[in-house]
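Let's have the full structure, built from the sequences with the hints guiding it.
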Amino acid sequence: MGKTILIVDDSVSIRQVVGIALKSAGFDVIEAVDGQDALAKLSGQKINLVISDVNMPNMDGITFVSELKKLPAYRFTPVIMLTTEGADDKKAAGKAAGAKAWVVKPFKAEQMLDAVNKLILP
Amino acid sequence: MDMHEAQLLFINEAEELLDVMESCLLEVEAGDATIDAHIDAIFRAAHTIKGSAGLFGFDAIVAFTHSVESVLEQVRADKLEFTPALAELLLDCHRHMVQMIQSIADPELASDKNQGTKLLAALDVYLHPPKSDEPLTDTSQAPIPDDSGHWSIHIDYGREVFRDGMDPCSQLKFLQTLGQVDDVRVTADFSDGEFDPECCYLRLQMALISSADKQQIEEVFEFIQDSSKVTISAPKALVNKVQACAEDDARLGETLVNSGALTKRELEMALAEQRRALQENRQAEALGNMLIKQGAVDKSLVSAALSKQKNQEHKRPIDLQFLKVDARKLDNLIGLIGELVTAGAANELLIGQLAHEKLQESFAGMTLLVEQIRDAALGLRMVQIGESFGRLKRIVRDVSKELGKDINLEVLGAETELDKSMVEKLSDPLMHIVRNAIDHGIEPQDVRIYKGKPSQGQLCLNAYHEAGAVVIEITDDGAGLDPDRIRAKAIENGILDTDKQLSKEDIYKLIFEPGFSTASAITNLSGRGVGMDVVKRNIEELRGQISIASDINQGTRFRIRLPLTLAIIDGFEVTVGDAHLVIPVNMIQECLAFDAEALAVERDYLNLRGEVLPFVRVRDILKIPGQRLQREHVVVVQFGENRAGLVVETLLGELQAVIKPLNKMFRAIRGIGGSTVMGSGDIGFILDVPQLIEFTMHKESRQCAPASDKSEKEKHE
Chain D
62 MGKTILIVDD SVSIRQVVGI ALKSAGFDVI EAVDGQDALA KLSGQKINLV
112 ISDVNMPNMD GITFVSELKK LPAYRFTPVI MLTTEGADDK KAAGKAAGAK
162 AWVVKPFKAE QMLDAVNKLI LP
Chain P
31 MDMHEAQLLF INEAEELLDV MESCLLEVEA GDATIDAHID AIFRAAHTIK
81 GSAGLFGFDA IVAFTHSVES VLEQVRADKL EFTPALAELL LDCHRHMVQM
131 IQSIADPELA SDKNQGTKLL AALDVYLHPP KSDEPLTDTS QAPIPDDSGH
181 WSIHIDYGRE VFRDGMDPCS QLKFLQTLGQ VDDVRVTADF SDGEFDPECC
231 YLRLQMALIS SADKQQIEEV FEFIQDSSKV TISAPKALVN KVQACAEDDA
281 RLGETLVNSG ALTKRELEMA LAEQRRALQE NRQAEALGNM LIKQGAVDKS
331 LVSAALSKQK NQEHKRPIDL QFLKVDARKL DNLIGLIGEL VTAGAANELL
381 IGQLAHEKLQ ESFAGMTLLV EQIRDAALGL RMVQIGESFG RLKRIVRDVS
431 KELGKDINLE VLGAETELDK SMVEKLSDPL MHIVRNAIDH GIEPQDVRIY
481 KGKPSQGQLC LNAYHEAGAV VIEITDDGAG LDPDRIRAKA IENGILDTDK
531 QLSKEDIYKL IFEPGFSTAS AITNLSGRGV GMDVVKRNIE ELRGQISIAS
581 DINQGTRFRI RLPLTLAIID GFEVTVGDAH LVIPVNMIQE CLAFDAEALA
631 VERDYLNLRG EVLPFVRVRD ILKIPGQRLQ REHVVVVQFG ENRAGLVVET
681 LLGELQAVIK PLNKMFRAIR GIGGSTVMGS GDIGFILDVP QLIEFTMHKE
731 SRQCAPASDK SEKEKHE
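Residue numbers (my numbering), protein chains in the order written: chain D, 62 to 183; chain P, 31 to 747.
Think of the hints as simulated: they come from the structure by calculation, not from any bench.
Check before you lean on any hint, since a few could be wrong.
Claimed, not checked - Okay, derived cross-link-like pairs now, EDC-like style, lysine to aspartate or glutamate, Cα gap no bigger than 20 Å in a straight line:
1. P:LYS203 x P:ASP213
2. P:LYS203 x P:GLU248
3. D:LYS130 x P:ASP197
4. D:LYS169 x P:GLU252
5. D:LYS130 x P:GLU249
6. D:LYS152 x P:GLU249
7. D:LYS156 x P:ASP718
8. D:LYS152 x P:ASP256
9. D:LYS156 x P:GLU190
10. D:LYS166 x P:GLU252
11. P:LYS653 x P:ASP718
12. D:LYS169 x P:GLU249
Model, not experiment: these values are computed from the prediction.
Take a look at the structure:
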């Protein structure tokens with residue numbers, strides 16, 4: 062039974078690159094373009110990991126993670142925040158909302174896989 | 031700085047590094063040093079050249095140097111033995127690198143591509159040993175490398191780890207990508223008294239066998255860093271690595287981070303703590319103690335790094351000895367100091383007229399300082415002559431190998447200092463003399479044995495200071511110069527008249543005549559179109575002199591005397607008629623009243639306390655018009671082994687003379703070496719003492735030879 066990862070990012074290229082890397086590492090991938098879209102796509106299904114950007118239209122990443130953590134099914138789901146270098150306030154806000162892991166943009170696909178592997182087993 | 035200047039800097043730097051590389055290789059090859067002592071310097075030279083060449087896009091240099099560096103790296107890691115064959119190959123590679131660097135500045139000197147390809151192929155053999163050789167170690171089951179060892183990791187998980195979505199299993203699994211995880215012990219901490227199934231009570235203790243550094247290991251746990259306590263202790267073996275991690279900076283924190291014993295985060299934490307303590311209490315603990323307290327590193331590692339720091343403190347004065355300065359800046363400074371000296375002389379003159387005692391006193395103090403500044407500034411241009419000698423070592427090695435002669439080179443006084451511009455201009459003449467000595471001077475082995483000499487030829491380079499000059503001697507124990515052969519050759523080449531009688535010294539001087547060559551067979555070494563005449567000219571351009579002493583079958587000694595500097599001299603001012611003349615103080619022995627009675631003056635020589643001293647009247651030589659004064663003085667000057675008296679009219683005293691070269695038009699004037707501006711604004715001429723002495727001696731021999739029977743003293747004036 063493969064594990065499922067949700068990627069939330071408004072940039073299609075990031076979703077694609079990360080998606081390809083994760084799929085080739087054996088994960089199932091669900092894509093969402095922003096927080097609202099992500100919450101809509103969850104619909105109670107089993108998610109093992111969430112990767113979310115911070116700055117997105119409609120619902121930003123911090124709000125999305127706080128909302129996510131309120132849902133009982135996703136209380137313990139690990140979240141990786143995509144932060145930018147030096148945005149320590151965003152990182153802290155993300156941690157407070159419940160995203161305990163992070164990857165600093167710009168990143169390479171391998172860096173993302175490393176972060177994922179530190180959190181869940183393939 | 032534009033690109034061209036930067037490129038020049040690169041060339042300069044690369045050439046210096048190549049010199050280091052060469053001298054290290056030669057020392058190792060000669061057995062004067064072990065490869066272990068020099069491999070770092072050699073490696074660093076190649077490494078730095080590669081790095082800088084990359085910046086400028088010299089891809090060919092990068093590619094070639096990369097291979098050299100790879101081989102050196104193998105040697106450094108003790109994976110490759112440093113054999114004489116490898117030393118030879120590396121020296122050839124060095125030569126090729128020199129060519130490649132030179133061809134940047136002068137594309138006409140294009141390096142030989144075939145040579146490069148050949149060398150690369152030769153290097154490749156070392157990098158990829160032929161498959162037939164059984165590998166010494168099976169890499170798939172290779173034992174853990176030496177610098178690894180057991181990292182000890184202790185994790186006290188935070189209660190909320192599970193709630194954060196962290197999975198300890200995935201971290202351990204990830205840790206395995208760094209090395210082998212062993213001996214995992216799981217304990218649980220239920221000291222809370224309650225049990226919440228959503229909480230994590232785990233404690234893990236494990237050993238990790240890995241060559242990763244602490245930074246990499248810590249990153250595995252980066253996401254639980256906030257909630258859990260992770261302690262990573264370095265393996266004991268890391269002490270060696272800390273000691274070996276000899277980077278140029280000697281700061282404790284950086285040393286520990288570089289050797290992988292400390293993470294940047296831990297260092298920053300400790301530094302922040304230190305800063306905070308400093309602000310609050312105006313004092314803080316040493317970084318080492320703080321790191322130990324934090325549990326970041328073991329005490330043994332701190333003391334290892336600190337012991338290294340001490341070592342580096344010893345080394346540091348040597349590291350800081352050199353500061354690169356644009357030569358133009360230095361020339362500018364020396365030029366300004368020249369002006370200062372001149373201006374000072376003008377002031378001295380005015381103050382002298384004022385007869386104001388206090389002013390004179392304070393000015394004397396200032397004059398002293400100006401003199402010191404002058405000496406210090408000139409000292410900036412001084413470099414050790416060893417740099418030139420280093421290059422000669424290579425020549426000796428290559429030439430003697432090519433000719434199949436066994437020659438031992440002895441270098442003395444390499445630390446003797448000389449003006450940088452002179453060192454550069456000396457390198458060609460020295461090279462030529464050394465080539466000649468090996469090619470023509472030192473006999474082939476069989477001849478030497480036949481003559482009863484040791485089969486190994488001796489060549490000695492010696493530099494030392496002597497009376498305000500630098501003397502460089504190149505001595506060989508070869509065949510020596512044959513005066514009869516030189517004489518015959520000179521007559522044959524039309525340099526010398528058949529019936530002319532010459533002293534041995536004068537015959538030797540013939541080899542400096544243009545178009546003279548005694549080598550019966552011109553080899554490709556000495557026959558490079560540069561004759562001894564060019565050598566002599568080069569040295570005279572430096573206001574120096576070259577002389578030869580030789581004995582048949584005993585050897586030959588070339589002696590080069592050079593002034594210490596080219597810019598400013600301490601002079602002694604004299605006048606003849608209206609002319610102000612300056613004699614370099616370091617050549618003056620004494621000044622006497624020219625008393626015809628007391629000195630028993632002959633036509634051309636006088637009796638100085640029982641010794642014969644030839645003299646000349648400066649007025650006559652320089653053809654200064656006017657009447658001879660009643661009272662005259664004689665200044666006794668010495669250059670090398672020769673002395674002479676210069677008769678002048680008034681003695682004015684010492685001054686500092688900033689040498690201004692004479693215009694080309696006046697170069698031909700004998701007896702004057704340069705000019706200077708006096709304090710009064712008058713022009714002074716600097717006497718060329720060596721030339722005057724030579725003139726005096728010749729005049730004497732001309733006069734004396736036909737009249738040697740003239741024993742009766744004949745008084746003049």
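Q) Which hint numbers doesn't this structure obey? A) 5, 7
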